[in-house]
Amino acid sequence: MIVLAVAHNTFREAVRDKVLYVLLFFSATAILASKALGWISIGQDIKIVKDISLAAVALFGVLIAIFIGTNLIYKEIDKRTIYTIICQPMRRFEFILGKYLGLAALLALVTAVMTAVASGYVLVLGGTLDATFFLAALLIYWELLLLTALAVLLSSVTSPILGAIIVFTAFMVGHATSILNELPDHISGVTRVMMNGAYYILPNLSNFNIRAEAANGIVVAPSYVAWAMAYGAIYTTVLLVLASLAFEDKDV
Amino acid sequence: MNAITVTDLHKKYRSHLGRKTAYPVKGLSFTVAPNEVFGFLGRNGAGKTTTIKILCSLLKPTSGAASIRGVKAQSRAARRLIGYLPENPYFYEYLTPRETIDFYGRLRGLSRTAREEQWQSISDLLDLRPIAERRVRGFSKGMRQRLGFGVAMVGDPDVLILDEPMSGLDPVGRRQIRELIHLLRERGKTVFFSSHVLGDVEQICDRVGILVDGTLSTEGRVSDLLHRRVDRVEITVGGLTESKAKSLAKSASVDWRRSGAGDCFVVDGLEKANAFAQRVLGAGGVLREFVPIKVTLEDIFMEEQEPAA
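Chains L and W, in that order, give the protein sequences.
Read left to right, the first sequence gives residues 1 to 252 (this note's numbering).
Read left to right, the second sequence gives residues 1 to 309 (this note's numbering).
These are calculated hints, taken from the structure and not from any lab test.
Some hints could be false.
Lysine-lysine pairs mimicking DSS-like chemistry, simulated, CA-CA at most 27 angstroms apart [what the hints assert, rightly or not]: (1) K250/L with K20/W; (2) K272/W with K79/L; (3) K26/W with K12/W; (4) K75/L with K272/W; (5) K26/W with K250/L; (6) K294/W with K79/L; (7) K75/L with K12/W; (8) K294/W with K272/W.
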């Protein structure tokens, strides 16, 4: 299957790139260094380690999604590797989907490795792990899938630098979209309409954030996780359809 | 049915602000017969690569039509019929040639067994085995070009479209490519390629088309193009006085110069040269050399580049 061939190749290229291991090394270092913050919060060290570990998984995952994702299609055009691919008997959306799935597989591996390092560290420190901790990691991965789809869309229409800025902005704003819907009364008129509109258009990434619950061992309902995943899947699908449409008629 | 048919093809580019418009291809039409080697010539910017990219679905034409064996060029079915070697081909740096050929086999929907067979035949033909397990990253230009040829041949397509396959290659590399193109023709393939190396084109092409500013200015069989022009003949004669030679040249309106070898006349056309030689002999001259100067593809190419008066 063509999509899997492209996905497999994208994954293989990425795991052979040394940059990935540098990012993984820094991520592991951040997880292990979380104990330092645990020392200054008496009796809370395991909570702090869990919280910072999950934040590290999210942050480094986002960095990989941004740096690899915004380059994903652009690099193929810039390096001209795309010439011999697009002329094959395949549809263009298969290429977009294959590239996306390859990066999604890479992010799954990275998230799994980082979560394993974080889990091992928590256990070594004498802490315990519950399902919420792993559900938090799962939702982080789901958030990465959405951001990667946005990165792929931008990669097919703009430069990596501009793409990276937009994805990072979406990441920051996406975690604070409630501000856009809970505006103070003095904001009115067009500004209010635009900000409310942005609330519904921008991805609400806080839906994927259950890190505080994971750190404090609070049970999260499976229905909430399922809802968040469905929200992410729909948003991601829309972004990938837009990426495919943008790429369909593109001259390369 | 033609291997390639291009009819009134146009491609227009607009700058980002839409103020400037460029037409790399305007009203281009030509055909390539099955099992033909067609040389697509033109200066940089003449529209060769744009045309090739349209044939290979990398660019969409603004208007006009292109087809591969009667199938619309921008379709999947047409892409199944072609193998494409871009100019300066780039492949995934972290893959080996074996993995690269396998990857393109997967994109063509070949089974694992078929892909293995493809690797065996392509690596034998292009001598890829010694570099089979090396990553493409450190490859020289010649090695990349060989691998590019291999990629174009995956799936055994009927029509090979090659963009500058000889650019930047040393004489040995160019010879290998020439032999390969001959071999492909023997196997019944159609080869359409652009090139700047006119000597090579003259040797291996059945037909050529010369592209000037996005339109085809000349097209035809190489042999016809080279023989349809009036040949010049250089006649070297001894035994004439300078004044006699000068008056012969003047009366026949031919170029003349005197050198150590004798009097040298340059006459346009074989018939005129024969008649002139008879006159020279009649005037007491001794014929030393009679050398027809053949028109080369380069002469024709250069002529086509000159703006019309």
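Against the structure, the hints come out as follows:
Taking the CA atoms of K250/L and K20/W, the gap is near 19 angstroms; set against the 27 angstroms cutoff, the hint holds. Only pairs whose Cα atoms come within 27 angstroms are accepted, and K272/W paired with K79/L is rejected, the gap being roughly 57 angstroms. Using a Cα cut-off of 27 angstroms, the hinted pair K26/W and K12/W holds, with the two alpha carbons roughly 8 angstroms apart. For the proposed pair K75/L and K272/W, the alpha carbon gap of about 62 angstroms is over 27 angstroms, so the pair is violated.
Of the pairs offered as hints, the one joining K26/W and K250/L holds, with about 20 angstroms between alpha carbons and a cut-off of 27 angstroms not exceeded. For the hint pairing K294/W with K79/L, the CA-to-CA distance comes to about 43 angstroms; that exceeds 27 angstroms, so the pair is violated. Between K75/L and K12/W the alpha-carbon distance is near 25 angstroms, which keeps this suggested pair within the 27 angstroms criterion. At roughly 15 angstroms between alpha-carbon atoms, K294/W and K272/W fall within 27 angstroms of each other, so this suggested pair holds.
This entry does not satisfy hints 2, 4, 6, going by the numbered hints stated previously.
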